[in-house]
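First to last, the sequence lines map onto chains A and B.
Be aware that the first sequence starts at 838, since it is given in the working numbering, and climbs by one per residue.
Be aware that the second sequence starts at 838, since it is given in the working numbering, and climbs by one per residue.
Keep in mind that the hints were calculated from the coordinates and are not lab data.
Hints may contain errors.
As the list claims (entries may be wrong) - Far from chain A, some chain B residues (derived; all Cβ distances over 10 Å):
| hint | residue |
| --- | --- |
| 1 | V893 |
| 2 | S1053 |
| 3 | D1223 |
Claimed, not checked - Here are the simulated distance ranges between beta carbons:
| hint | chain 1 | residue 1 | chain 2 | residue 2 | range |
| --- | --- | --- | --- | --- | --- |
| 4 | A | Y1162 | B | V1240 | 35 to 43 Å |
| 5 | A | Q1309 | B | A1094 | 55 to 63 Å |
| 6 | A | R1069 | B | A1259 | 29 to 37 Å |
| 7 | B | P1133 | A | D1205 | 53 to 61 Å |
| 8 | B | A1242 | A | R1089 | 28 to 36 Å |
| 9 | B | H1249 | A | R1045 | 31 to 39 Å |
| 10 | B | R1246 | A | R1248 | 49 to 57 Å |
| 11 | A | T1138 | B | V1240 | 29 to 37 Å |
What the hints assert, rightly or not - Quick partial rundown of chain B residues pointing at chain A, CB under 10 Å, derived from the structure:
| hint | residue |
| --- | --- |
| 12 | A860 |
| 13 | G861 |
| 14 | F1017 |
| 15 | G1054 |
| 16 | A1091 |
| 17 | A1094 |
| 18 | P1096 |
| 19 | Y1162 |
| 20 | S1185 |
| 21 | S1187 |
| 22 | C1337 |
We put the CB at the ideal spot given by N, CA and C, even for glycine.
Number of protein chains: 2
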Amino acid sequence: MRDDWATFGADLHLDLRGTRLRAGLMDALREAVRSGRLAPGTRLPSSRQLAADLGVARNTVADAYAELVAEGWLTARQGSGTRVARRADPRPVAGAEAAAGTGDGEAPPGPPAPPAGPTPAGPTPAGPTPGGSAWRVVRRRTSPPAYDLRSGTPDLASFPRAAWLKAYRRALTAAPNEAFGYGDPRGRQELRTVLAEYLARARGVHARPERIVICSGFAHGLMLIGRALRGRGARAVGVESYGLGPHAGLLRDAGLATPPLPFDERGTRVEELTSLAPEAVLLTAAHQFPLGGALPPDRRTAVVDWARATGGYVLEDDYDGEFRYDRQPVGALQGLDPERVVYLGTASKSLAPGLRLAWMVLPESLVDEVVAAKGAVVDWMCGTPDQLAFADFLATGAHDRHVRAMRLRYRHRRDQLVAALADRAPGIRVGGIAAGLHAVLSLPPGTEAAALRSAAWHGLAVQGLGHFRHPQARRTLEGLVVGYGTPPDSAWQGALQALCRVLEGVDTARPPEDA
Amino acid sequence: MRDDWATFGADLHLDLRGTRLRAGLMDALREAVRSGRLAPGTRLPSSRQLAADLGVARNTVADAYAELVAEGWLTARQGSGTRVARRADPRPVAGAEAAAGTGDGEAPPGPPAPPAGPTPAGPTPAGPTPGGSAWRVVRRRTSPPAYDLRSGTPDLASFPRAAWLKAYRRALTAAPNEAFGYGDPRGRQELRTVLAEYLARARGVHARPERIVICSGFAHGLMLIGRALRGRGARAVGVESYGLGPHAGLLRDAGLATPPLPFDERGTRVEELTSLAPEAVLLTAAHQFPLGGALPPDRRTAVVDWARATGGYVLEDDYDGEFRYDRQPVGALQGLDPERVVYLGTASKSLAPGLRLAWMVLPESLVDEVVAAKGAVVDWMCGTPDQLAFADFLATGAHDRHVRAMRLRYRHRRDQLVAALADRAPGIRVGGIAAGLHAVLSLPPGTEAAALRSAAWHGLAVQGLGHFRHPQARRTLEGLVVGYGTPPDSAWQGALQALCRVLEGVDTARPPEDA
C-alpha cells in the first residue's frame, strides 16, 4: 500500500532545521513536488496531523498549505482535503526516482513539471542514467536524504512532550530556592537519590547517591573520567575495535592512548588486556556498539578479574540498557564490582539527546578526582531545572511508562525489519537485534562501499561498519548499521522500503565490483 | 520592629537542601526553637506565606506544622495561627545570640528549654563568653550561617518561576522534533538569533548569530577559550589583581599563565599589558569584580589598541551588565572592536546560576577553534529545552520585565545599605555601588580578619577582599565584599542589621588588633 505520509514526513523532517519553520516547510513541499516525490493528486495529511507529526504549531502548517495553494503547487477543496496539484507536461527530473520511496515496488510515477510559481525549478539536466554520475553525487550531497537510518538517535518525534512538561512544572514549582543557585558539582541530590533506586532496579547497578555524578551527556562524563585517570598517571584506555571514534578522541584529548582490543565471534577478547596493559578499558558490555552482541558471562567475569588484579578500571558505556526485547535485560557489569567498574548511563536513548542528561556511578576511589575535574566546588556544567524534571519523571513512573511504550514500538520496527529482509534480501544476515535501537546487516567483503553509494542514490542516510572501525583494528567487517529507532513513525515504512531496495542490489554471490 | 520572618526564612533557606523537604523543614524549625532563634510565643507565618517564600508546596509546610504541633514544639489555635509553644524552665543555649538577628538592637530573649520530643537537644555547654572560643568556631562551621551576604548569586527567591514555566511550555510545544536530538555545537539557532538582537540593544554588542556560541555558564566559556588560545600557542592571559581565583584557575588548567595586572584608583592599569605581553587579557570592564569600578574611557580605548597592535584578545566578562542604577549602562567593550574582543555574558546574575546559560560573542578568527573545543560536530554540553525557553523568555519581553523589576529591587537594597552604613558606621567608605549586586566596604589596614571573625560570630556569611586577591598582586586592599543581591527579601533586613553590628565593632581609629 502506498504511504505518501511516509515519504513526506521524512523529507520535511530534514528540511525543517532553522527558525523559519513555515518557509522551510514550504521549501520542502515545493521540492517534494518538483522532484516527483509527491505525485500529482497525492492527498496530504491534514494540517493538524502533520503539525503533530512534525512537532510544529498547526498554524505553521495551515499557513504553508494556504500559501502553496495560492502559488499553485497544491489544491484545496472542501471534503477532499489538500492535494498536490495536477499539471500537464510532465518533465523528468534527475534524481527523482532515487527518493521516490512509494513502497509498492512499482516504478515511481513520472514526476510533474514544476508549476508556475515564485520558485522556478531551473534548467533540468538530462534524465537519469544508472550508476550515478558525478553530477548526481554532488546533488545528493547538497540536498538532505529522504530517509534517515543512521544510528545513535532515538525517534525524536516520540519525545513525551506532555509528560515531560508535567514533570518540569511539578519540579520547578516544588524546587527550593537554592536549586536556582550554584549547586553541588555531583548534581542535584534529588536526581541522584531517585537514580540510585532506578539503576538498582532497572540495571542491577550498585549505586549510592553520593557515588553518582550527573553530567551533560555521556561525552562529558567520559571527558571527566579521562582527565581523572590521566591525572593519576594513566597512559592508555583500551577501546573496542568497532565503536564511536569521537569517544576514543575524547580520551586522546585527555592525553591517553586508545589501543583497540581484538574481537572474535563471541565479542571483545578481554583476555588481551593482559598484554595490552592499559589502565582502563571502555566497553559496551550489554550491547556492543555497533556490532550488537552482549559480552558473554565468562568474559564479563574475566574483565572484572583483570581490573581487580591490576588495579584497572572498566568504563561501562550502558547507552541503551533500557531496550532489550527477547529476554530479561543483561544486568550492568558494574554489579559485579562497583569498586572497579565505572558505570555510565544516559537519557539520550531512553528520552532524547537534546536533554544532555547522563550519569556516572563511580568507585569510591574515583569520586573526588572526577568531581574535581568537573568543577570542584560548584557545578559549572549541568543546569538544575532539567535535572529536577528528570528526577520527577523517574519518581512518578513516567520514565518507566515511556520506556515501556518505546520498547514495544522499537521491537515492532525490529520485527518488521527482520521480516522485510527475510522476504526481500534473504542472503543478508541480521545481527545485534536482541536489544537497542540498531541492527547490523552483514555484507559480503567488498560490497559495503557500493551499498552505501546505492543508499545515497535511494535517498537513504545510513552508515557502514567502516564508519565505526578503529584505525588500528586487526579485523575488518563489512555491513550496514541500521538505526531503526531513528525515523519518526511517519517515515519508518518508507525508510525500510528504501533499505530493502538497496539490499536487493547487493549481489551476495558475485565477487565485489570494487574494493 | 521585630521581624521573625527574616531570621526564619534565612535559617530555613540553608537547612532545606535535600529531597526530604518536610523532614528538613521540621528539623530546621526544631533547631530554631531549640536554639532560641524562634522565641516562645512567636507567631509563625501562615503555611501559604512560608511555602511561597521558600518555594515549596503548601502542603509540605502545613504537614510540618501539624507534626510539630503533635510533638509539642508548636501550638495551633483557631484565630491565633501557629506559634512557638511556651515552655517553663528556659535554659541558655550557647551560640543562640549570634544568630538571633532580630534587627531591633535589643538583646535577644532567653531561649526556651527544648520541649519533650523525638530530637533531644543534648547536653548544653556553658553560656556564651564574648570573643568566641574554639568550640564556638567549630560550631559555627558546622551550622549554616543565619544570613548570607556572599557575592556572586542573585536573589534566588526572586527567580520568576511562573514566567519561566510559561516560556518553557511555549518553547517545548513549538520546538521542532530535531530540537530533541544532538544539536549544533554553537547552540540553538533560535536562541542565538534572539540573543544577537538583545545584546545589541541592551549592551551595545556587535553580534551575529553565527558568531555566538552558547555555553553552560561563564566558566564553560572561559574553559573553551582557554583551550582555543592554548591550541594556537598562547602562553599567558593577564588577569585583574582582584578577581575570582577559580576563573584564573580554569585558564591555568588549559596550560596558560595568569599574571595579574596592577591597578590604581582609576582601575586596572591596562598600559602594563605592553610589558607583561600576554596573548590575551580577562577584564570585567563594565563593573570590576569585586572592586566595583568601570574601566575609564581612555583605558577602554587603550586595551583595544593594545589588542589590535599585538594581535591579542580582550576577554570581556560582562557578568552583571544588566544592572546599572545611576546612569545608562556602560556599553560593552566589545562594541569597540568585535574582532579583538571576546564578549562573555551570562544569565547567572540576571536570572539564576542554576540555569547554566551563558554565551560568547566571538571574533571571526576564533569561532572555528572554540567550536572545535566544544565538540566539533554536535553539541555535547548544552541541553536544548532551557535554551529554547530562554529564547522565548527574551523574545517575549519577559526577560526585560524581570530585569527591570530586579533592578528596582536591588537598587532599593543598595540605597538601604548606603543609608544604614551612613547611620551606623559612618567611618566606612562604600564603593562600587553604581551597578551590580555587590558593594565594597573599605576597611582600615589590619581590620579585615577581625571583621570576618565578627561576622561569623554574628551568623553572617560574607567575604573579605582577601578572598579575591591574586597571590601575586602587588597591592593589598582590605574590606568586605557585600553581596546585597544574595538574600531573599525575607532575610535582607536581618542581614543588613547583622552587617551593621559587625561594622560598629570595627575601630576605624585604632591600630589593628592583629595582622
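Taking the numbered hints from earlier one at a time, note which ones the structure violates and give those numbers from smallest to largest.
1, 2, 3, 4, 5, 6, 7, 8, 9, 11, 12, 16, 17, 18, 19, 21, 22
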